[in-house]
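Novice: All chains, full assembly: derive it from the sequences and hints.
Protein chains: 2
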Amino acid sequence: METSSLIKVTKTENSKINQVDFDNLVFGKTFTDHMFICDYKDGSWQTPEILPYQPLTLDPSAKVFHYGQAVFEGMKAYKDEQGKAWLFRPEENFERINKSSKRLNIPEFIKEYFLEGLNELLKLDSAWIKSGQDAGNALYIRPFVIATQAGVMASPSTEYKFIIICSPVQAYYTKDVKVKIADYYSRAANGGFGAAKAAGNYAGQFYPTKLVQEEGYDQVIWTDDTNHEHLEEAGTMNIFFRINDTLVTCPISERILDGITRKSVITMAEKLGITVEVRKVTVTELIEAANNGSLKESFGSGTAAVISPIGTIAHKDNVWTLTKPEDCYSAAIKKAILDVQYNVAEDTFGWRYEVK
Amino acid sequence: METSSLIKVTKTENSKINQVDFDNLVFGKTFTDHMFICDYKDGSWQTPEILPYQPLTLDPSAKVFHYGQAVFEGMKAYKDEQGKAWLFRPEENFERINKSSKRLNIPEFIKEYFLEGLNELLKLDSAWIKSGQDAGNALYIRPFVIATQAGVMASPSTEYKFIIICSPVQAYYTKDVKVKIADYYSRAANGGFGAAKAAGNYAGQFYPTKLVQEEGYDQVIWTDDTNHEHLEEAGTMNIFFRINDTLVTCPISERILDGITRKSVITMAEKLGITVEVRKVTVTELIEAANNGSLKESFGSGTAAVISPIGTIAHKDNVWTLTKPEDCYSAAIKKAILDVQYNVAEDTFGWRYEVK
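Residue numbers (the working numbering), protein chains in the order written: chain A, 43 to 398; chain B, 43 to 398.
You may find that some hints are simply not true.
Note that the list lumps identical chains together, so a pair holds whenever it fits in one copy or between two copies.
No more than 30 angstroms apart at the CA atoms, straight line, and that leaves these computed lysine-lysine pairs for DSS-like [stated by the list, open to error]:
#, residue 1, residue 2
1, 71, 313
2, 338, 366
3, 165, 322
4, 144, 220
5, 83, 358
6, 58, 252
7, 83, 252
8, 398, 358
9, 165, 358
10, 141, 58
11, 358, 141
12, 366, 220
13, 305, 58
14, 220, 50
15, 252, 126
16, 153, 252
17, 144, 358
18, 153, 398
By construction, these hints were calculated from the structure, which means they are not laboratory data. Computed from a prediction, not measured in an experiment: that's the story for all the values here.
Specialist: And the structure:
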């Protein structure tokens, strides 16, 4: 193993890997032996380090606890049957976390630190990445930035930590998702930070999500906050609708996350010969399509599950159940993307990034 | 000193108080010797503790870092010239933090723990509360709740910490504030959580605030996100306008914090014989009033400064400067509220709460 010249590495003396049951993982609960950490202070990012996975010690007045200055990314590493590990479009994650940071007034990170840090971390914890496309075996990677300066003045922090932690995972959703379209609560404001992958965009969804879960649904499909008439995203997924044989998804905006899986789904669908329209989708149009049978499929896209088929859509007191058509788009697109991710198909678009 | 039966107290062996220059405090940077902390786990709040002020140790996957499940309060304790310490409407802070918690799916806290915890903490750190109304000497109190469960699944935490830390402060703003009215960025969505004192409402303001600061202003006056036509709040302050001899402030809503100082200003202004109207205020109305001279005063209200007079208001390319009238409402209301807070005036409304 080569040692990076950029990153200071301290290896653990006690690997936890033998204590882990890789066939019975709970999503996001088990973490690998190491973590990447880089401090920002005195106006610049300091020397990045890889350390044994360990708790953070922060002053109770640290700004992240009070003012939510925190952004993150979600990405995955996959191991092929030859034992090679691959990342999927990591430069997109790097660019997006910096866009999120900018909106939250967090200093942008350094590309070499990010890519080399990821590479070193994944080499060190390579045994934690299990092959097995059918089981959905992968390593979920969570880069995040938190404001660590002590002090309760409501102003941007002068100190931050950029951290990467990794969690071995299996397939995320097993059943079709039941969603309810928002008609009162909202996720993001016009001129707000809905497009940022920011901590503050998530906490606000938990209560409205709990309300729909009490009615038997899994997630909320968020709509615009003005009229609740435009379908936007699901909070942890972008959303797609197949109307007749056209795949439709709304354009991204300052209210909607620019999903990397979303982009990949659009590109891959077109490669598979599916017509894709990126345009606004109204609740009225969706209801009409659901009622007249032209709504053939719907699914969410995101890093965790790639594609999560939606089986039930509700709006106010109306409920529609979707039956998968024989020429199921979501299954075809999901398989095509997974085949690239697990290195069993040609990487036409240059999406794969080898860990080496 | 009585010992609370509810709270486990561990006193510090090394007070830091002699190291503090109480005449040169930076807002929110110095903390007292002790902190209050109460853990939520296994479905209930555990025994509260008062401990020496100390760092928090959290797993890097703790939900507060990723999903922003965090709420807080801001309040103050004042010492009168007889050496008695007083809180100002603490039950209002308790009710509001629970409202904020509910919107963020955080379990509500227990009133006795809050009030008795505050009381014990302030008794223990009583020497940190300095008298001196003219210097604005006070103890700023920051109750907050953070989600501490380890795990990166985007779902509500099952574990929390309710913490209270205290910081000695002096008068907050010294100069009149320069504000610019938002015409692109927004603070809160309809159906969002703008009314909650939640961490996620603050980080999103830093970047737009930086942009106006680069133009020479201090703060943004936020408007509705649909048309930017209704004046709402300043992010850390509610706002008031004096049009001719009427004091006007917008009603609270799900986008606007229900400020305790705002309520107190309304009540106190009426007691002083000032006509107060709680109604929507449009940008158009404000511009008209600024142009025709009927806008006599404007100020923000909040715990930190009680009242911060606004000296300059800008909207797009227009700038208005306000000169304080001789019968200045803001100064009269501020003095009347401070006189209650520092126990030099009668407490007609039952706002004071003695620490004993």
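Novice: Take the hints in turn and mark each one as holding or not.
Specialist: Hints versus structure:
1. Taking the shortest Cα distances, residue 71 and residue 313 never come within 30 angstroms of each other, neither inside one copy (36 angstroms) nor across copies (57 angstroms).
2. With identical chains, the CA atoms of residue 338 and residue 366 are at most 30 angstroms apart within one copy only, with a shortest distance of 7 angstroms there and 66 angstroms across copies.
3. In this assembly of identical chains, the alpha carbons of residue 165 and residue 322 never lie at most 30 angstroms apart, being 43 angstroms within a copy and 59 angstroms across copies at closest.
4. In this assembly of identical chains, residue 144 and residue 220 lie within 30 angstroms of each other by CA distance solely across copies; the values are 24 angstroms between and 34 angstroms within a copy.
5. With identical chains, the CA atoms of residue 83 and residue 358 are never at most 30 angstroms apart, being 50 angstroms at best within one copy and 35 angstroms at best between copies.
6. Taking the shortest Cα distances, residue 58 and residue 252 never come within 30 angstroms of each other, neither inside one copy (34 angstroms) nor across copies (45 angstroms).
7. Proximity of residue 83 and residue 252 under a CA criterion of 30 angstroms is satisfied inter-copy only: 19 angstroms between copies versus 39 angstroms inside one chain copy.
8. Neither within a single protomer nor between protomers do residue 398 and residue 358 lie at most 30 angstroms apart by alpha-carbon distance, with minima of 51 angstroms and 53 angstroms respectively.
9. Proximity of residue 165 to residue 358 under the C-alpha cut-off of 30 angstroms is found in neither arrangement, the shortest distances being 49 angstroms within a copy and 53 angstroms between copies.
10. Proximity of residue 141 and residue 58 under a CA criterion of 30 angstroms is satisfied in neither setting, with 35 angstroms inside one chain copy and 41 angstroms between copies.
11. In this homomeric assembly, residue 358 and residue 141 come within 30 angstroms of each other (Cα to Cα) only across copies, at 26 angstroms, whereas the closest approach inside a single copy is 35 angstroms.
12. Within a single copy, residue 366 and residue 220 get their C-alpha atoms as close as 14 angstroms, which meets the 30 angstroms cut-off; across copies the closest is 59 angstroms, which misses it.
13. Taking CA atoms no more than 30 angstroms apart as the test, residue 305 paired with residue 58 passes in neither setting, with 36 angstroms inside one copy and 55 angstroms between copies.
14. Within a single copy, residue 220 and residue 50 get their C-alpha atoms no closer than 46 angstroms, and across copies no closer than 46 angstroms, so neither meets the 30 angstroms cut-off.
15. Taking the shortest Cα distances, residue 252 and residue 126 never come within 30 angstroms of each other, neither inside one copy (40 angstroms) nor across copies (45 angstroms).
16. Proximity of residue 153 to residue 252 under the C-alpha cut-off of 30 angstroms is restricted to the inter-copy arrangement: shortest distance 25 angstroms between copies versus 38 angstroms within a copy.
17. In this assembly of identical chains, residue 144 and residue 358 lie within 30 angstroms of each other by CA distance solely across copies; the values are 23 angstroms between and 37 angstroms within a copy.
18. Taking the shortest Cα distances, residue 153 and residue 398 sit within 30 angstroms of each other inside one copy (17 angstroms), while across copies they are farther apart (56 angstroms).
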